[in-house]
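Position chain F against the provided structure of chain L, taking the given hints into account.
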Amino acid sequence: MRVEYINPFVETAYSILVEVLGGEVKRDNLYLKSTSMPVMGVAALVGLAGDVEGRVLFDMSMETALNIASKMNDEKIDTFDELAKATITELANLITAQAVTKLHELGFKFDLTPPALFTGERMEISDQNVEALIVPMITEQGKIEVNVAIRERM
Amino acid sequence: MENTIEQTLMQETSYDIEDQNDKISIIDFKMITFSLSGKDYAIDIMKVKEIAKAGHFTYVPNTSSFVLGVHNLRGDIIPIIDLRIFFNIPVEERKDDDLENLIVVSVGEQSFGVVVDHIDKVVGIQQSSIQPPHPLFGDINIKYISGVVENANRLFILLDIDRIFGLRQAPTVESAKEQEHFSPAQKTIADHKPTQKQETPVLEHKASDLDYNFLVEDLKVRKSFNLSLINEAWIKSRYMKWLDERDAENIQFNSDEDAELFLKPFASKFSHDFWEESYAEQLYKALPENTAKQITVWNPGCGKGHESFSLACVLKKRYPEARIRIYAQDTDLLAVSSAQMLRVPQNQAESWYAPFLTKTVSGEHVFNADITEMLFFEYHDITHNNALPNVDIIFCRDVLSYLDKEKQEIVLEDFEDKLKGNGVLIIGDNEVLTNYVDWHSKEVASITMYTK
Chain L
1 MRVEYINPFV
11 ETAYSILVEV
21 LGGEVKRDNL
31 YLKSTSMPVM
41 GVAALVGLAG
51 DVEGRVLFDM
61 SMETALNIAS
71 KMNDEKIDTF
81 DELAKATITE
91 LANLITAQAV
101 TKLHELGFKF
111 DLTPPALFTG
121 ERMEISDQNV
131 EALIVPMITE
141 QGKIEVNVAI
151 RERM
Chain F
1 MENTIEQTLM
11 QETSYDIEDQ
21 NDKISIIDFK
31 MITFSLSGKD
41 YAIDIMKVKE
51 IAKAGHFTYV
61 PNTSSFVLGV
71 HNLRGDIIPI
81 IDLRIFFNIP
91 VEERKDDDLE
101 NLIVVSVGEQ
111 SFGVVVDHID
121 KVVGIQQSSI
131 QPPHPLFGDI
141 NIKYISGVVE
151 NANRLFILLD
161 IDRIFGLRQA
171 PTVESAKEQE
181 HFSPAQKTIA
191 DHKPTQKQET
201 PVLEHKASDL
211 DYNFLVEDLK
221 VRKSFNLSLI
231 NEAWIKSRYM
241 KWLDERDAEN
251 IQFNSDEDAE
261 LFLKPFASKF
271 SHDFWEESYA
281 EQLYKALPEN
291 TAKQITVWNP
301 GCGKGHESFS
311 LACVLKKRYP
321 EARIRIYAQD
331 TDLLAVSSAQ
341 MLRVPQNQAE
351 SWYAPFLTKT
361 VSGEHVFNAD
371 ITEMLFFEYH
381 DITHNNALPN
391 VDIIFCRDVL
401 SYLDKEKQEI
411 VLEDFEDKLK
421 GNGVLIIGDN
431 EVLTNYVDWH
441 SKEVASITMY
451 TK
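Chains as they are written, first to last, in this note's numbering: chain L, 1 to 154; chain F, 1 to 452.
Take the hints with a grain of salt, since some may be wrong.
[Stated by the list, open to error] Calculated pairs, DSBU-like style, for lysine-lysine (alpha carbon to alpha carbon, straight line, at most 30 Å): (1) F:Lys-405 / F:Lys-418; (2) F:Lys-293 / F:Lys-418; (3) F:Lys-293 / L:Lys-109; (4) F:Lys-53 / F:Lys-293; (5) L:Lys-102 / F:Lys-405; (6) F:Lys-143 / L:Lys-33; (7) F:Lys-418 / F:Lys-285; (8) F:Lys-407 / L:Lys-33; (9) L:Lys-33 / F:Lys-418; (10) F:Lys-53 / F:Lys-121; (11) F:Lys-304 / L:Lys-109.
These are calculated hints, taken from the structure and not from any lab test.
Next up, chain F with everything else stripped away, as it sits in the complex:
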C-alpha cells in the first residue's frame, strides 16, 4: 500500500513542478480561503456573496445540529450553517458574546451563512490546476470536495458548495465538462471496485484447487457464507488445517454439520454469548477517546442481544459522560424481538456485568434502565436503505461474510458513508479489510479497528 501512495505522491509532485510556472501566469479562477480546525479550505468566489462578522443567531428548534439558526442580514433572513459540525470537525467552545466569521454564499436563489474558524484571503489560480480529490481524504466526506489546489505551498481543499447545500442545477455545457473532470469525487458502487488493491492473493494452482472451489461453493449454499476479500485469508488457512483434520475422501461436506464444523473457528470471541471480562477490558482499552456529548453506535447483526448489551456496558464505562445510542439490528425477527428481554444467568450476574444489572420481582437478573435506554433494537436488513444518523462506532462482527459479495460492497459503502471522520469500525476477529484502500487498520489492545 505504501508503494502506491508514494508513487502517486511522487507523480503528483513532479507534475506540479513542471507545470507550476506557466500555470500561475493566467488566473481564471478565484477562491476565498478559510480554515476549519487548522486546515485550509476554499470556496469558489463566484458562489460567495459577502463575508461578515455576526453572532447571536436566532435558534430554530427541530433543525439539524449543524444549523445554528437564522440571521437577519440587512433585512434578508438567511439560515446559518456551521461547517465544522456538518463535517464532524471538533468545534471550540463558543463564548456567548463572540462574533463568528461568516461567509455568505448564494446557491441558486437562496443565500446561506456559513460559519468558519477563520477567513483568510482571496487566492487566484488557474482553473486547470485544480486537481481531483484523492480518495485518501478522510476528514471530509469526499463527495463534498470538488478538488484540491496548491498555492504558495499550501494545499487548499476546494469545497463544492452546490453539493453541500444539496442543489443540482441543470448541467450547462461548462459544468458538464467540469463534472467530467471531477468525476472521481462522485463515487458510486461501480467506481468502488477499482479502489480494491490489485495484488489480491491469488490461490496457488494446486491439485486441490477443485476441492477448494467446491468447498467454498458448498459453504455458500449450506451456510450462506461467501468467500470475499474480507475472509479469503481465513478460509485458506482454515482449508489447510481442514485437509490435515479430515481423511482424503471426507474433504467435502457430507452434511450441514460438517460445514458448521468448518466454520466453527470463524466465529469471533463470545459471539452470541456473554463476554468474558478480559474481552470487555480489551475493548475498553481499544476504544478511542471521544468527548462528544452524544455517541451513536451501529450494531448490525445483534442476534439475541448478548453482544449489544455487553457493548452497551463497555461503552457506558468508557464514556460515562456521553449520551450513548446503540442501534442494534437483525433480520431474525424472533431473535431481535426477544433481545430486549435478555436475562442474565446467575454465574454471569456476579461477573463484570454486576454494576449494570438489576433484579426483577421474580429475582431474575436483567440490565438496568441506564443500559436498556441506550439500546434501540430494530428489525432491519442492512442491505436495505437505513435512516441512521452519522455514527461514531460500527460494531459488526461476523456479519459481512454472510452476505453476498455484491451486498458486502454495498454495506461497506454504507459504513463509509455513515461513519464519522473520527469513527471506528470493528468487524469479526477473522475478517479483514486490508484489501480495501479506503479503510485503514490499527490494532489497539489486540483488537483490530478500522478507520476511514
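The shape of chain L in the complex, shown without the other chains:
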C-alpha cells in the first residue's frame, strides 16, 4: 500500500471518531495483514474504485456497535435495529468520504460505493492478492478496527 494513502485514513478515522463520540480516542500500532481474518461481529464495508481498487472495512464487536449507536443517537439502544444499522453505516461513510476527499486534494481520484453492513457470528473476510492495513482505534465505546486494502490498477 502506498504510503500516501495511509495517513488520510488514519487521520480521518481519528478526527471523526473524536468528533462524533467525544471522549478519548487512542490509536494503536498499525500493522499489515494478508491472510483471511475473523470479523468481530459487525462490519461495515465501503468499496473504492477509480485510480485504485480496494475497500475499507470497519470492524467492531456487537457490543461496541451498540455503544457507538447509543452515543451517536443520544439514546440507549439495546438491539441492533434499523437505527443502529443506519448509524454504523453512516459512521463508515463519514470516515471513508472524508479520507477520500483528503486523497482527492493530494491528486488521487477515487469513487466510493454505498456502504454495506454485515453482522453475524464467526465471520471471516478474505481478500485474495491484496494485503490490508489495519488501523486499530480504541474509543471509550470499544475497539474499532479500520481495515484498508487498496491496490493500484494495472
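Then chain F, alone, in the frame of chain L:
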C-alpha cells in the same frame, strides 16, 4: 551444476534414440506449430478453430498490454491476444497495414485470436512422446507449458492454452491422467524444495559445532537473521574470523551489540546510505541493455529511501528514454513514510547526485521531480501477496537473510514469478543463490546479478 544438466540431457537423448522409431509410427496427437521470435511452439490442434490473417484490430481501452483489441471474425467478436507481449518476448515493430498471423483458439465456449510471428504446419506425434517441461526453460513461464515434443530434429514447446486463458475445466478421467503426467509444470512451494541442489555444503563436524549452532540460533533471536543456503557460506567464513577476533570464552554474544558487530560486515555496500560514485558507476555498467518503453523495478526493503533514490538516479542515467517505475517497499512504516522527504546533505549534493537534485525554498537539497515521480513508496510486507506487475529489475539487498527460512522460499518463488524473462535480480553483496538451480548468476562490473 553442469554435471546434473549434462547427465539429464544425456539421459534424455539416449531415451529418445531408443524409442523414437516405434513412437513415430502411431500418431494420436496433432498440433499446430508456430514461431515466436525464432523459437518453435505448438498448440494442440483440438483447441484450434482456424488460422487466419487479420489486422486493423479495434483497440479496447483499459485492457492489459497483451490484448491487442477485438476482431470481427465473420460476425463473431473475438478478443485478440499477442502471445509475444504476454510472454515478454520482444515484438518487432508493426507496420500499420500489415496483416498479422492469427490462430483462433477456442477455450470452452469462448474463442480467442492469438497473434504469432509465423504459423508453420500441422505436426502429428504420439501423445506419449510429449515430455514434461524442464525447469530450465526461462523464456516462458513454466506454468504455461504443458510439455516438450521433438519432431524432425526440432524441439517444439507445447503451450497449455487452457492455462494461458485461465480456464480450469473439471478434470475428466483422461485430463486427470494428463495432469499427473505433466505435474512438474505445476510448481508449488512444496515442489520447490527438491530443486535445490543436494550438494549443499555440510558443516564439518568439529568441536566448535555446538558453539556455531548456538551462535546461529542467537543471531535468529537477537537480529532475526536466519541461516539459509543464501548466506551459509558467509556465516561460516565470518564465524572463522570471529573465532580469531574473540577470546575463547567470548565467542557467544553477550549482548545485542555483539550480534550487531558480528553482522556488521554482512551489510552490502552503502546499504541505508548514499552511494559513492564508484558503486553507482559499477551498477550503471552492470545493468543489461533494455529498450522497453516502460521499465518496472521492485525494491523491497527500501528503508528510509537512500537506496531507492540512488537506484532511481542510476536507472535514469542508464535508461534515459524509458519510463521507469520503482516500487520501493518496507515494513517499517516510519522509515518508509519519511522516505519521500529524503534530504541530501551538502557534501553529497556536490557528488554524482548533482544532476538529479533541486533546491527547496529553505535551501535544502532534494531530488528533482524527474526522480521522485519514478518512485512509489509502499508500506508492504513482501511475504504477503502483492499486486505488482511483472518487473525488469528486482533490487533486494540484505532483505532475504532477515526472513524466516520458509518465507525466503516464498519470496524467492514470488521473485521468480514476477521477474520478466530478461529481468535481473540483485541481492546483497554477501548473499548467494548459487544453491538454487532456478537462478543463474553472472558477474558484470563486479556486481553479481541473477537471471532466471
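Hints, verified against the model:
1. F:Lys-405 / F:Lys-418: Cα-Cα ~20 Å, so holds.
2. F:Lys-293 / F:Lys-418: Between Lys-293 (chain F) and Lys-418 (chain F) the Cα gap is close to 18 Å, so the pair holds against 30 Å.
3. F:Lys-293 / L:Lys-109: It holds: about 26 Å lies between the C-alpha atoms, which stays within 30 Å.
4. F:Lys-53 / F:Lys-293: holds (28 Å)
5. L:Lys-102 / F:Lys-405: Violated: Lys-102 (chain L) and Lys-405 (chain F) sit about 41 Å apart, past 30 Å.
6. F:Lys-143 / L:Lys-33: holds (28 Å)
7. F:Lys-418 / F:Lys-285: holds (24 Å)
8. F:Lys-407 / L:Lys-33: holds (15 Å)
9. L:Lys-33 / F:Lys-418: OK: Lys-33 (chain L) and Lys-418 (chain F) at ~21 Å, within 30 Å.
10. F:Lys-53 / F:Lys-121: Given that 30 Å is the threshold and the Cα spacing comes to 15 Å, the pair holds.
11. F:Lys-304 / L:Lys-109: holds (27 Å)
Taken one by one, the earlier hints fail for this structure only at number 5.
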